[in-house]
Structure formats: structure tokens, C-alpha cells
Amino acid sequence: DTEVTQTPKHLVMGMTNKKSLKCEQHMGHRAMYWYKQKAKKPPELMFVYSYEKLSINESVPSRFSPECPNSSLLNLHLHALQPEDSALYLCASSQTGTGFDGYTFGSGTRLTVV
Amino acid sequence: QKEVEQNSGPLSVPEGAIASLNCTYSDRGSQSFFWYRQYSGKSPELIMFIYSNGDKEDGRFTAQLNKASQYVSLLIRDSQPSDSATYLCAVLSGGSYIPTFGRGTSLIVHP
Chain A
1 DTEVTQTPKH LVMGMTNKKS LKCEQHMGHR AMYWYKQKAK KPPELMFVYS YEKLSINESV
61 PSRFSPECPN SSLLNLHLHA LQPEDSALYL CASSQTGTGF DGYTFGSGTR LTVV
Chain B
115 QKEVEQNSGP LSVPEGAIAS LNCTYSDRGS QSFFWYRQYS GKSPELIMFI YSNGDKEDGR
175 FTAQLNKASQ YVSLLIRDSQ PSDSATYLCA VLSGGSYIPT FGRGTSLIVH P
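Going down the list, the protein sequences come from chains A and B.
Under this note's numbering, think of the first position of the first sequence as 1, with each following residue one higher.
Under this note's numbering, think of the first position of the second sequence as 115, with each following residue one higher.
Simulated from the structure, these hints should not be mistaken for laboratory data.
All residues carry an ideal CB built from backbone N, CA and C; glycine is no exception.
Errors might be hidden in some of the hints.
[What the hints assert, rightly or not] Some residues of chain B that are not near chain A, with every Cβ distance over 12 angstroms (derived):
hint, residue
1, Gln115
2, Ala131
3, Thr138
4, Glu159
5, Lys181
6, Ala182
7, Arg191
8, Ser220
[Said to hold, decoys possible] List of simulated lysine-lysine pairs, DSS-like, C-alpha gap at most 27 angstroms:
hint, chain 1, residue 1, chain 2, residue 2
9, B, Lys170, B, Lys116
10, A, Lys38, A, Lys18
11, B, Lys156, A, Lys40
12, A, Lys36, A, Lys18
13, A, Lys22, A, Lys41
14, A, Lys53, A, Lys9
15, A, Lys22, B, Lys116
16, A, Lys22, A, Lys53
17, A, Lys40, A, Lys53
18, B, Lys170, A, Lys19
19, B, Lys116, A, Lys38
20, A, Lys36, A, Lys53
21, A, Lys19, A, Lys41
22, A, Lys41, B, Lys156
23, A, Lys53, B, Lys181
24, A, Lys36, A, Lys22
25, A, Lys9, B, Lys156
26, B, Lys156, A, Lys38
27, B, Lys116, A, Lys40
28, B, Lys181, A, Lys41
29, A, Lys41, B, Lys116
30, B, Lys170, A, Lys36
31, A, Lys53, A, Lys19
32, A, Lys18, B, Lys156
33, A, Lys36, B, Lys156
34, A, Lys22, A, Lys40
35, A, Lys53, A, Lys18
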């Protein structure tokens, strides 16, 4: 299994809703990441989990709440989002977390906040 | 501020030609360099990485690194319409384990 699986692929939510994004990998990778990408922009780092511990939070607003229940699973809980949070949300993993081995990205969740 | 610069394009090349994509970076201590391909509406896919000065070839792709001049290039030989995508350069600076992404170059290969 060489994939990172993200669900759902598309999500439309209202500003008062609570929803969650899910990411799963079974490659034994030790680091997992959440990125946000707007159209025609590079991916923007949100969170890094290394060995299931949150190691980086890039000053992300608290309406985004990450969770890593185990080494294969990463969630992103969403609450009270704003329309400007609409974007492609990418999960990625890397084998060592050192940065030297590059990322495997999931297919992404296209989020629209209405 | 660590910067990674790419020409946003689009770079348009005819089918069968060599496409040359360039990336410059500001941190002289950078150690690892990555090229990702991203089709419209899809997620990035790692296609090449390079650590040492010189060329690294993988099929139709060649990555070229020149640390003295602080640039890394991606050459795509025998370009195909299926190569049409945005190519993101990512650079890992010394002491960091999070790469800095460039804004990407849009490549269009026309038949």
C-alpha cells in the first residue's frame, strides 16, 4: 500500500457546522502533515505530527483542530469556519519526518464554506 | 526569509520538445531539492529529488542542481500533452525538516 487516503473528496459546509477530514496511511510513515492550498498558490503548512505527537502548529486558528489517534490516522476537525477557509486540504506523510525523503500526498479534500 | 522562486509561466512547448523548468533559492545552506507535479484540481506528486550537484536522470526527467549558483532545474525530454501540469519546486534548508515550496510553473505541452 503506497497511498495516502483522504476522505471525503469534497465537502460543503455552513459556517456553523462541525465536520472532520480524515487521512489514513499504511506505509509505516512516521510523520504526517496537513497542508492548505488555495488556487494557483503553493501548499501552505498547517500542522505536523511526528511519531503521533504534534510537533508544529503554524499559528493556525483554533477553528481547525488536528488529531492523531494512531500512527496511521490523522484527522482535522473543523468548526465555525469562514468562507475564506475554502481551499484544497492536503494530507501528506513522510517515512522519516526528516524532510529528506519527500512527501506522499493524499488526493485532497476540496472544502467549500458557505 | 527562505525564498524559492519559480517563473509562474505558462511555459508552452510543442509535443516532443524538451521542457526546461527552473527554480532558484535563497538559502545557501539548502540540502535537498524536490520536484512535484500537480495536475489541475489534483494533489502534488513527487517526481524527482536531488541532493548533490550535477544531474540526476529518471526516465524522461532530469534534475540538475547547481549549489554555487543556487538553482535547480527540471528537464522533461520528449514532452507529451500528459506532462501538462504545474511543477512545484520544494527546497529543504539546512537545519529544517519542512521544505519551502515555490509557487510553481505551469507547463503546457501542445500537440
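These are the hints, each one checked on the structure:
Every C-beta of chain A lies more than 12 angstroms from that of Gln115 of chain B, the closest at about 15 angstroms, which supports listing it as non-interface. Residue-level check passed: Ala131 of chain B sits 25 angstroms from the nearest beta carbon of chain A, beyond 12 angstroms. Chain A leaves Thr138 of chain B outside its interface by the beta-carbon criterion, the shortest separation being 15 angstroms against a cut-off of 12 angstroms. The Cβ of Glu159 of chain B does not lie farther than 12 angstroms from every Cβ of chain A; its closest approach is about 7 angstroms, which violates its non-interface assignment.
With 12 angstroms as the threshold on Cβ separation, the claim that Lys181 of chain B sits away from chain A holds: the shortest Cβ distance comes to roughly 16 angstroms. Every C-beta of chain A lies more than 12 angstroms from that of Ala182 of chain B, the closest at about 21 angstroms, which supports listing it as non-interface. Chain A leaves Arg191 of chain B outside its interface by the beta-carbon criterion, the shortest separation being 22 angstroms against a cut-off of 12 angstroms. With a cut of 12 angstroms on Cβ distances, Ser220 of chain B falls inside the contact zone with chain A, its closest approach being about 9 angstroms.
Between the alpha carbons of Lys170 of chain B and Lys116 of chain B the distance comes to roughly 24 angstroms, so the proposed pair stays at or under 27 angstroms and holds. Restraint check: the Cα-Cα separation between Lys38 of chain A and Lys18 of chain A comes to about 21 angstroms, which is no more than 27 angstroms; the hinted pair holds. In summary, the hint linking Lys156 of chain B to Lys40 of chain A is supported, as the alpha carbons are separated by about 12 angstroms, within the 27 angstroms threshold. As the CA atoms of Lys36 of chain A and Lys18 of chain A are separated by approximately 18 angstroms, the hinted pair is consistent with the 27 angstroms bound.
A C-alpha spacing of about 23 angstroms is found between Lys22 of chain A and Lys41 of chain A, which places the hinted pair at or below 27 angstroms, so the restraint holds. Only pairs whose Cα atoms come within 27 angstroms are accepted, and Lys53 of chain A paired with Lys9 of chain A is accepted, the gap being roughly 26 angstroms. Annotation: proposed proximity of Lys22 of chain A to Lys116 of chain B is violated, straight-line Cα distance about 31 angstroms (limit 27 angstroms). Taking the CA atoms of Lys22 of chain A and Lys53 of chain A, the gap is about 17 angstroms. The hint holds against a cut of 27 angstroms.
For the given pair, Lys40 of chain A sits about 31 angstroms from Lys53 of chain A by alpha-carbon distance, which is inconsistent with the 27 angstroms threshold. The hinted pair formed by Lys170 of chain B and Lys19 of chain A fails the criterion: a straight-line CA distance of about 44 angstroms is larger than 27 angstroms. This hinted pair checks out: Lys116 of chain B and Lys38 of chain A have alpha carbons roughly 20 angstroms apart, not beyond 27 angstroms. At most 27 angstroms may separate the alpha-carbon atoms for a hinted pair to count; Lys36 of chain A and Lys53 of chain A meet this at roughly 20 angstroms.
The hinted pair formed by Lys19 of chain A and Lys41 of chain A meets the criterion: a straight-line CA distance of about 25 angstroms does not exceed 27 angstroms. Taken as a hint, the Lys41 of chain A and Lys156 of chain B pair is honoured in the structure, with Cα atoms around 13 angstroms apart against an allowance of 27 angstroms. Distance restraint check for Lys53 of chain A and Lys181 of chain B: the Cα-Cα separation of roughly 34 angstroms exceeds the 27 angstroms cut-off, and the hinted pair is therefore not satisfied. This hinted pair checks out: Lys36 of chain A and Lys22 of chain A have alpha carbons roughly 14 angstroms apart, not beyond 27 angstroms.
Of the supplied pair hints, the one linking Lys9 of chain A and Lys156 of chain B holds, its CA atoms being roughly 11 angstroms apart against a limit of 27 angstroms. For the suggested pair Lys156 of chain B and Lys38 of chain A, the alpha carbons sit about 12 angstroms apart, so the restraint of at most 27 angstroms is met. Between the alpha carbons of Lys116 of chain B and Lys40 of chain A the distance comes to roughly 20 angstroms, so the proposed pair stays at or under 27 angstroms and holds. For a cut-off of 27 angstroms, the pair hint linking Lys181 of chain B to Lys41 of chain A stands: about 26 angstroms separates their Cα positions.
For the hint pairing Lys41 of chain A with Lys116 of chain B, the CA-to-CA distance comes to about 17 angstroms; that is within 27 angstroms, so the pair holds. Straight-line distance between C-alpha atoms of Lys170 of chain B and Lys36 of chain A comes to about 30 angstroms, which puts the hinted pair past the 27 angstroms bound. Note on Lys53 of chain A and Lys19 of chain A: the hinted pairing holds, with a Cα-Cα distance of about 22 angstroms set against a maximum of 27 angstroms. The suggested pairing of Lys18 of chain A with Lys156 of chain B holds, with an alpha-carbon distance near 25 angstroms, which does not exceed 27 angstroms.
As the CA atoms of Lys36 of chain A and Lys156 of chain B are separated by approximately 13 angstroms, the hinted pair is consistent with the 27 angstroms bound. Pair hint Lys22 of chain A plus Lys40 of chain A holds up; C-alpha atoms about 24 angstroms apart against a cutoff of 27 angstroms. Note on Lys53 of chain A and Lys18 of chain A: the hinted pairing holds, with a Cα-Cα distance of about 24 angstroms set against a maximum of 27 angstroms.
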